[in-house]
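Undergrad: Chain residues, written in single-letter form:
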Amino acid sequence: MVTFKDFRNNVKPNWCPGCGDFSVQAAIQRASANVGLTPENLAVVSGIGCSGRISGYINSYGFHSIHGRALPLAQGVKMANRDLTVIASGGDGDGFAIGLGHTIHAIRRNIDMTYIVMDNQIYGLTKGQTSPRSSAGFKTKSTPKGAIEPSINPMEMALTSGGTFVAQGFSSDLKELTSLIEQGLNHKGFSLINVFSPCVTYNKVNTYDWFKENLVKLSEVEDYDAHNKEAAMQTLMKHDGLVTGLIYQDIEQPSYQELIDGYDEKPLSAQNLQLDENYFNDLVKEFM
Amino acid sequence: MKQQLSWKVGGQQGEGIESTGEIFSMAMNRLGYFLYGYRHFSSRIKGGHTNNKIRVSTTRVRAVEDRLDILVAFDQETIDVNYHEMNSDGIIIADAKFKPVNPEDCEAQLIVVPFTEIASGLGTSLMKNMVAIGSTCAIMDLPFEVFTGVLQETFKRKGEVVVQKNMEAIEAGFNTASELLGSKRGSHKLDEADGVQRMYMIGNDAIALGAIAAGVRFMAAYPITPASEIMEYLIKKLPALGGAVIQTEDEIAAATMAIGSNYAGVRAFTASAGPGLSLMMESIGLSGMTEQPLVIVDTQRGGPSTGLPTKQEQSDLMQMIYGTHGDIPKIVLAPSTAEEAFYDTIDAFNLAEEFQCPVIVLSDLQLSLGKQSVDPLNYAKVQIGRGKLVNDAVELDELEPMQYFKRYEVTEDGVSKRVLPGMKNGIHHVTGVEHDETGKPSESSLNRQMQMDKRMRKLNDVTLHKAVDIDNSIHGEADILLVGFNSTRGALEEAQERLEAGGLKVNHAHIRLLHPFPTEKLAPLMERAEKVIVAEHNATGQLASLIKMNVGMASKIHSLKKYDGTPFLPSEVELLTKELV
Numbered sequence: 001m002v003t004f005k006d007f008r009n010n011v012k013p014n015w016c017p018g019c020g021d022f023s024v025q026a027a028i029q030r031a032s033a034n035v036g037l038t039p040e041n042l043a044v045v046s047g048i049g050c051s052g053r054i055s056g057y058i059n060s061y062g063f064h065s066i067h068g069r070a071l072p073l074a075q076g077v078k079m080a081n082r083d084l085t086v087i088a089s090g091g092d093g094d095g096f097a098i099g100l101g102h103t104i105h106a107i108r109r110n111i112d113m114t115y116i117v118m119d120n121q122i123y124g125l126t127k128g129q130t131s132p133r134s135s136a137g138f139k140t141k142s143t144p145k146g147a148i149e150p151s152i153n154p155m156e157m158a159l160t161s162g163g164t165f166v167a168q169g170f171s172s173d174l175k176e177l178t179s180l181i182e183q184g185l186n187h188k189g190f191s192l193i194n195v196f197s198p199c200v201t202y203n204k205v206n207t208y209d210w211f212k213e214n215l216v217k218l219s220e221v222e223d224y225d226a227h228n229k230e231a232a233m234q235t236l237m238k239h240d241g242l243v244t245g246l247i248y249q250d251i252e253q254p255s256y257q258e259l260i261d262g263y264d265e266k267p268l269s270a271q272n273l274q275l276d277e278n279y280f281n282d283l284v285k286e287f288m
Numbered sequence: 001m002k003q004q005l006s007w008k009v010g011g012q013q014g015e016g017i018e019s020t021g022e023i024f025s026m027a028m029n030r031l032g033y034f035l036y037g038y039r040h041f042s043s044r045i046k047g048g049h050t051n052n053k054i055r056v057s058t059t060r061v062r063a064v065e066d067r068l069d070i071l072v073a074f075d076q077e078t079i080d081v082n083y084h085e086m087n088s089d090g091i092i093i094a095d096a097k098f099k100p101v102n103p104e105d106c107e108a109q110l111i112v113v114p115f116t117e118i119a120s121g122l123g124t125s126l127m128k129n130m131v132a133i134g135s136t137c138a139i140m141d142l143p144f145e146v147f148t149g150v151l152q153e154t155f156k157r158k159g160e161v162v163v164q165k166n167m168e169a170i171e172a173g174f175n176t177a178s179e180l181l182g183s184k185r186g187s188h189k190l191d192e193a194d195g196v197q198r199m200y201m202i203g204n205d206a207i208a209l210g211a212i213a214a215g216v217r218f219m220a221a222y223p224i225t226p227a228s229e230i231m232e233y234l235i236k237k238l239p240a241l242g243g244a245v246i247q248t249e250d251e252i253a254a255a256t257m258a259i260g261s262n263y264a265g266v267r268a269f270t271a272s273a274g275p276g277l278s279l280m281m282e283s284i285g286l287s288g289m290t291e292q293p294l295v296i297v298d299t300q301r302g303g304p305s306t307g308l309p310t311k312q313e314q315s316d317l318m319q320m321i322y323g324t325h326g327d328i329p330k331i332v333l334a335p336s337t338a339e340e341a342f343y344d345t346i347d348a349f350n351l352a353e354e355f356q357c358p359v360i361v362l363s364d365l366q367l368s369l370g371k372q373s374v375d376p377l378n379y380a381k382v383q384i385g386r387g388k389l390v391n392d393a394v395e396l397d398e399l400e401p402m403q404y405f406k407r408y409e410v411t412e413d414g415v416s417k418r419v420l421p422g423m424k425n426g427i428h429h430v431t432g433v434e435h436d437e438t439g440k441p442s443e444s445s446l447n448r449q450m451q452m453d454k455r456m457r458k459l460n461d462v463t464l465h466k467a468v469d470i471d472n473s474i475h476g477e478a479d480i481l482l483v484g485f486n487s488t489r490g491a492l493e494e495a496q497e498r499l500e501a502g503g504l505k506v507n508h509a510h511i512r513l514l515h516p517f518p519t520e521k522l523a524p525l526m527e528r529a530e531k532v533i534v535a536e537h538n539a540t541g542q543l544a545s546l547i548k549m550n551v552g553m554a555s556k557i558h559s560l561k562k563y564d565g566t567p568f569l570p571s572e573v574e575l576l577t578k579e580l581v
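The listed protein sequences derive, respectively, from chains A and B.
Oh and the first sequence: position 228 is 228 in the numbering used here, straight run, nothing missing.
Oh and the second sequence: position 351 is 351 in the numbering used here, straight run, nothing missing.
Isolated chain A (complex conformation) (with noise of 0.2 Å):
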């Protein structure tokens, strides 16, 4: 029987002690492991960044992209080969600034995958600049004096491009991330998990403590509806983004490769490339 330890690989991620992503690692290990997947049907796409580099970090199938389009290279592997399980991965500004045009597409086009956002709020490898994520009025090098744009809230933008999974977990919080990433991978659409991950080397504000201090789990909120989108937004309203847990999902909305007229049930690259030669001939003489 695969357990999470088959998802291991012997790669020592160059990570700072306590970063937030080494539990996002762990909870895709385990959940990859918890819903029947073996390491050779799992692809892994990251784009660049600390985060980025996740899909090393993991055995499976992995493909360390290029800024901010971990997205549109995923997609691609899933329309080839429908029946692997494709996990697309990245951080804050991979996802919700240099790609996010990218992730609105993605949303809204509801291919059968996952996107894990390791979001800290700041960019860490290049040592500290701000981040659409970051609060107005955070200090960074590119902002001595403090943000003066306004943050992303990405689970809001979600919900109105049309999202069908819409999840936000947190690294201290590995038991629920996991179980998040499950249902994200049995969720037959596009499944977005914004997860905070806390940089603990440039980020002193958005710290571990700070989201214990103020983050609200929807699992405690009483009668909260993840069918009921409207309800949803005005949680995620009231409490300015800072939950966690399945913030909204839609069962009933195909996905994708269900919509596409003619699309084969079987995996694009298991297909036999030569053309009939009826149907090649056909072809021609429609230009006679």
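Honestly, the hints are just simulated from the structure, not real lab data.
Accuracy of the hints is not assured; some may be wrong.
[Said to hold, decoys possible] Footprint (simulated), chain A over chain B, 3 or more residues, beta carbon under 8 Å:
{"no.": "1", "region": "226-239"}
{"no.": "2", "region": "264-272"}
[Unchecked claim] Restricting the straight-line Cα-Cα distance to at most 35 Å, the calculated cross-link-like pairs of lysine-lysine (DSBU-like) are:
{"no.": "3", "chain 1": "A", "residue 1": "K12", "chain 2": "B", "residue 2": "K440"}
{"no.": "4", "chain 1": "A", "residue 1": "K266", "chain 2": "B", "residue 2": "K521"}
{"no.": "5", "chain 1": "A", "residue 1": "K266", "chain 2": "A", "residue 2": "K285"}
{"no.": "6", "chain 1": "B", "residue 1": "K424", "chain 2": "B", "residue 2": "K440"}
Quantities reported herein were computed from a predicted structural model and do not represent experimental measurements.
Just so it is clear, CB atoms sit at the ideal spot from N, CA and C, and this is done for glycine as well.
Given chain A, put chain B in place with the hints provided.
TA: Quick look at chain B alone, frame taken from chain A:
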């Protein structure tokens, strides 16, 4: 009797000028004539002058004709803009509706036919185009019945009545024009064609068909002129093959999606033009660095920036070869005809998998959108080769615990075995960071050098059936060697014929493989020529520079550059060459 004629229809964009040309040329094609088309159009949906120029010949033609025999005009602007092209015995047929005036210095005869009035009388003014086609038949002494089949297909969804009405419009145009033409009736009768059934297609059709024949099952693309037809063809055809097309949010997504799909084992590609290619540059580098096959079609148009989006140019050459940061192996193909575009596209997919690198199929607007006759494409010539792709998981040895497959194993030819996600013993890492043989990031100097050398030496073995097409180089020693790439082939061929007739010894070489540059193929021809004239559609002489870099002999290379948005005419090449000699 004539062996060829040049026909043009012009009017305001959006009033059916293109479809008039389409119907006329489809009928000519079915009679077995060789055709070559040119579309003049603007970047707007409606309004503005547009025209469709079609050369019809009893022998193969591959260039826009210098002059014009018949001009069909739906407005005065069409006459004013185009009359200077008319042969002195040419005929302008114009709609009486706009009270056409023949310019004083126009030697061609103006025949005024009430296109709109006749069409309205038969039911709708929309059929004025058919009246014009009927009038053309009178000039060419062509039985108008040859249009029956084409009209049946064009209007079949609108019903038999519509087909009948349109045929009546053609007949009425024929009868009215016959009377008005007097002695000019039948003045442009063409000799009979060979009757062979050929394809009539734009280069983009050929590229799209080539992609399907090569086994493409996924395409990701963003609309852009002059590439969109490729995507549109695949959207029509891929569902029947189980495949799919995604219209992406931008060209970066298109290129990276195609990389992801290739990585997972599907032949996938994207197609765009200059601005899109600029956005794809980082992705092209990723494909080169991670050794993932990737095919990109670049249909060049007027640059820089938005430039001349609907006009001919060949100014992406240097960007296609050098336009990503760092050094990567890359192959750039440049077909010159629709037929070559078909076969080169198939080659591109084979080369991308054989060498596990990006392959660019370079086209230009005139090749991509100009319609031309193509001999029926040959199924037997469609070969699919997937290089060192491991096609059976059984071939793979069991991986040691915690070990990765050596996806980037250093080999003699630089190409390593390729495995696909899903294969049990093929797990490895892929990264744009410099990496070791298993794909794990590595900054070791020794490893860096080994991996860079491995990637770059893949190009040592790139071969192409005709890296330089020298079929027209018949002289051992020549006064002139004409060199070009992409759609200029026909203009160079005809200029060559004319210069030869003038007593010069002229060879012609057309470059099909732009990178890695086929120096050893071109150098001997250049050595045996007094002067080398490089004709290209850009302001800086990019191909000439490339030849100087690779072959040398700079002192005998002369640039013939045209960047006004229109394709070279044979007469321009002839004249400019004479000036240089």
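Undergrad: Just pull the numbers of the violated hints for me, sorted ascending.
TA: Structure breaks hint 4 only.
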